[in-house]
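Colleague: With these hints in hand, go ahead and build the complete structure from the sequences.
Number of protein chains: 2
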Amino acid sequence: MSHHNSNGGLPSSSELPALSLSILNVEPLDEFIREVADFIHHMISQRPKDLEGSVEVEAKVGLLVDKHTGMRLQLPVLTETILAPNSIECRFESNMSAQQHKHYNKLLNRLLEESSSKIGYGHLYLKDTFYDSGGRGGEKVRVTKDEKTNSVLACTRKIRLGDLNIYSPKRPADWRISVNFEVPVPHPTGTSTHTRRKDRISYTHEEFAIDLTQVSTSNSPSQSTLSHELEIEISRPEYLVDAAYARDGSGSEEGAAYDELIRAFVNNARIMVRNADGGEGAWG
Amino acid sequence: MSHHNSNGGLPSSSELPALSLSILNVEPLDEFIREVADFIHHMISQRPKDLEGSVEVEAKVGLLVDKHTGMRLQLPVLTETILAPNSIECRFESNMSAQQHKHYNKLLNRLLEESSSKIGYGHLYLKDTFYDSGGRGGEKVRVTKDEKTNSVLACTRKIRLGDLNIYSPKRPADWRISVNFEVPVPHPTGTSTHTRRKDRISYTHEEFAIDLTQVSTSNSPSQSTLSHELEIEISRPEYLVDAAYARDGSGSEEGAAYDELIRAFVNNARIMVRNADGGEGAWG
Chain L
1 MSHHNSNGGL
11 PSSSELPALS
21 LSILNVEPLD
31 EFIREVADFI
41 HHMISQRPKD
51 LEGSVEVEAK
61 VGLLVDKHTG
71 MRLQLPVLTE
81 TILAPNSIEC
91 RFESNMSAQQ
101 HKHYNKLLNR
111 LLEESSSKIG
121 YGHLYLKDTF
131 YDSGGRGGEK
141 VRVTKDEKTN
151 SVLACTRKIR
161 LGDLNIYSPK
171 RPADWRISVN
181 FEVPVPHPTG
191 TSTHTRRKDR
201 ISYTHEEFAI
211 DLTQVSTSNS
221 PSQSTLSHEL
231 EIEISRPEYL
241 VDAAYARDGS
251 GSEEGAAYDE
261 LIRAFVNNAR
271 IMVRNADGGE
281 GAWG
Chain H
1 MSHHNSNGGL
11 PSSSELPALS
21 LSILNVEPLD
31 EFIREVADFI
41 HHMISQRPKD
51 LEGSVEVEAK
61 VGLLVDKHTG
71 MRLQLPVLTE
81 TILAPNSIEC
91 RFESNMSAQQ
101 HKHYNKLLNR
111 LLEESSSKIG
121 YGHLYLKDTF
131 YDSGGRGGEK
141 VRVTKDEKTN
151 SVLACTRKIR
161 LGDLNIYSPK
171 RPADWRISVN
181 FEVPVPHPTG
191 TSTHTRRKDR
201 ISYTHEEFAI
211 DLTQVSTSNS
221 PSQSTLSHEL
231 EIEISRPEYL
241 VDAAYARDGS
251 GSEEGAAYDE
261 LIRAFVNNAR
271 IMVRNADGGE
281 GAWG
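Each protein sequence line maps, in turn, to chains L and H.
Sequential numbering of the first sequence, starting at 1, is according to UniProt numbering.
Sequential numbering of the second sequence, starting at 1, is according to UniProt numbering.
Derived by calculation from the structure, the hints in this document are not laboratory data.
Treat the hints with care, as some may be off.
In this list, chains with the same sequence are indistinguishable; a pair is considered to hold if it fits within one copy or across any two.
[Said to hold, decoys possible] Here are the computed lysine to aspartate or glutamate pairs in the DMTMM-like style, where the Cα-Cα straight-line distance is at most 25 Å: (1) Lys106 x Glu27; (2) Lys102 x Glu35; (3) Lys170 x Glu27; (4) Lys148 x Asp277; (5) Lys170 x Asp248.
Every value quoted in this text rests on a predicted model; they were computed, and no experiment measured them.
Modeller: Below you can see the structure in the form of structure tokens.
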């Protein structure tokens, strides 16, 4: 046996044999990304067909909290995995520390300054007011106003289609993928249940919006709670849905567009989760 | 909103914008492969330094069995993940059905016939006889003979360094990565405890051996049990160890060799696990 300090084992860099990716010369399919793609595809196919609306797909960074302990969920696994739906009593908290929020802000601003990265930027001040919709499932109607102009941007009923929770034991954050169906509705009447004021920085890149938001939620005029949210959203619902349908006629280049879209979506979410440490460093 | 049958959402293939892999234009690090690489690296550093021997790294395809139920382990997750060591009461059974074994044999033979794939092939008939070593940890000494020539190929004391169990809920098989330290020893005296006769087809590809083995284990002359095993082994322990040490002086091309080796090792194991369905089809 040769040792690490002998010259027997390791060729110098110029002699290194190029190693194939595998015995089949390809990377095996990423089953995590495939699971996410199949899930979103299924949710799209399950959306209400009798309503005009759009499919909203977003990944939120936060924590999975065990309902029994009130602490972050702990499972006996070492690497990121998707939880089986309805199998574990936990809730997802779409929140992070102010320090983490600031860290993301710095990282994303740095990316913005690099001209090559083609990132768009917008700073929005929004106020969401919620009303009972009286519809099935107890959904709320959300009225979104631009705080600066006080103009109504949208009145929407949001119908939850499904969620996937992703447990990420190596990182300081977990994440959730949510698929909702958003239906435009007339401005509601009656009394609102609560409001959410949002100070949002929205970074856009190709088909995605990365929204870093400070949210102040008020249930009464005298009480409000502050939270910090990070969401990655697929920007064009109609493109997503068309790509998902094109996937069914598989084998075509159009069919590959859906899987490429979901791959980039998952990659972006993972990059965000892996940079949730709130440190001062560069992208990890 | 445009619909899937409109022309609004999805450009034709010639117009498709090339989507970046992520906001950083790279794939995020595969944390599963990184975890395996760090684990094997740590095991290598923990090997006995006072003994001459070689580090054996292998992935075995089989089933994780819950010790309480006697059935395959079930966890509330949807995708492949590494179990935290000593957290779950389960054992790993390195076994499969004769049908699965035959299926792998067909798939690997087909690959062998494709001239471009550069696969080596050997058919070995081996007999392992085990003796108590009297050493620490109750290890056995294994004497391996070529059944055809009856010549002794090796006398080895195998010291277990560590295992990682990989739960694979989407597949009909789980897998385990084992790291052992094999020390050559003199031929033992005394009475053997048991024998294992191996009918092994060994496929080699670059730095790996894929061993498909039918094993007959005998504790007494009148009793034997048959099992079917599939193992992927890193062929050159000295190359592995040298590459692992070169990784420590990070940044160099030599340092990348270790991670490339482990990536191909994991890819090969995953490809095997994903083809454990025993069907008649091609590589999945």
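Colleague: With reference to the structure, classify each hint as holding or not holding.
Modeller: Right, here's what the structure says about each hint:
no.: 1; hint: Lys106 x Glu27; verdict: between (34 Å within a copy, 21 Å between copies)
no.: 2; hint: Lys102 x Glu35; verdict: neither (32 Å within a copy, 29 Å between copies)
no.: 3; hint: Lys170 x Glu27; verdict: both (23 Å within a copy, 18 Å between copies)
no.: 4; hint: Lys148 x Asp277; verdict: neither (33 Å within a copy, 60 Å between copies)
no.: 5; hint: Lys170 x Asp248; verdict: between (35 Å within a copy, 22 Å between copies)
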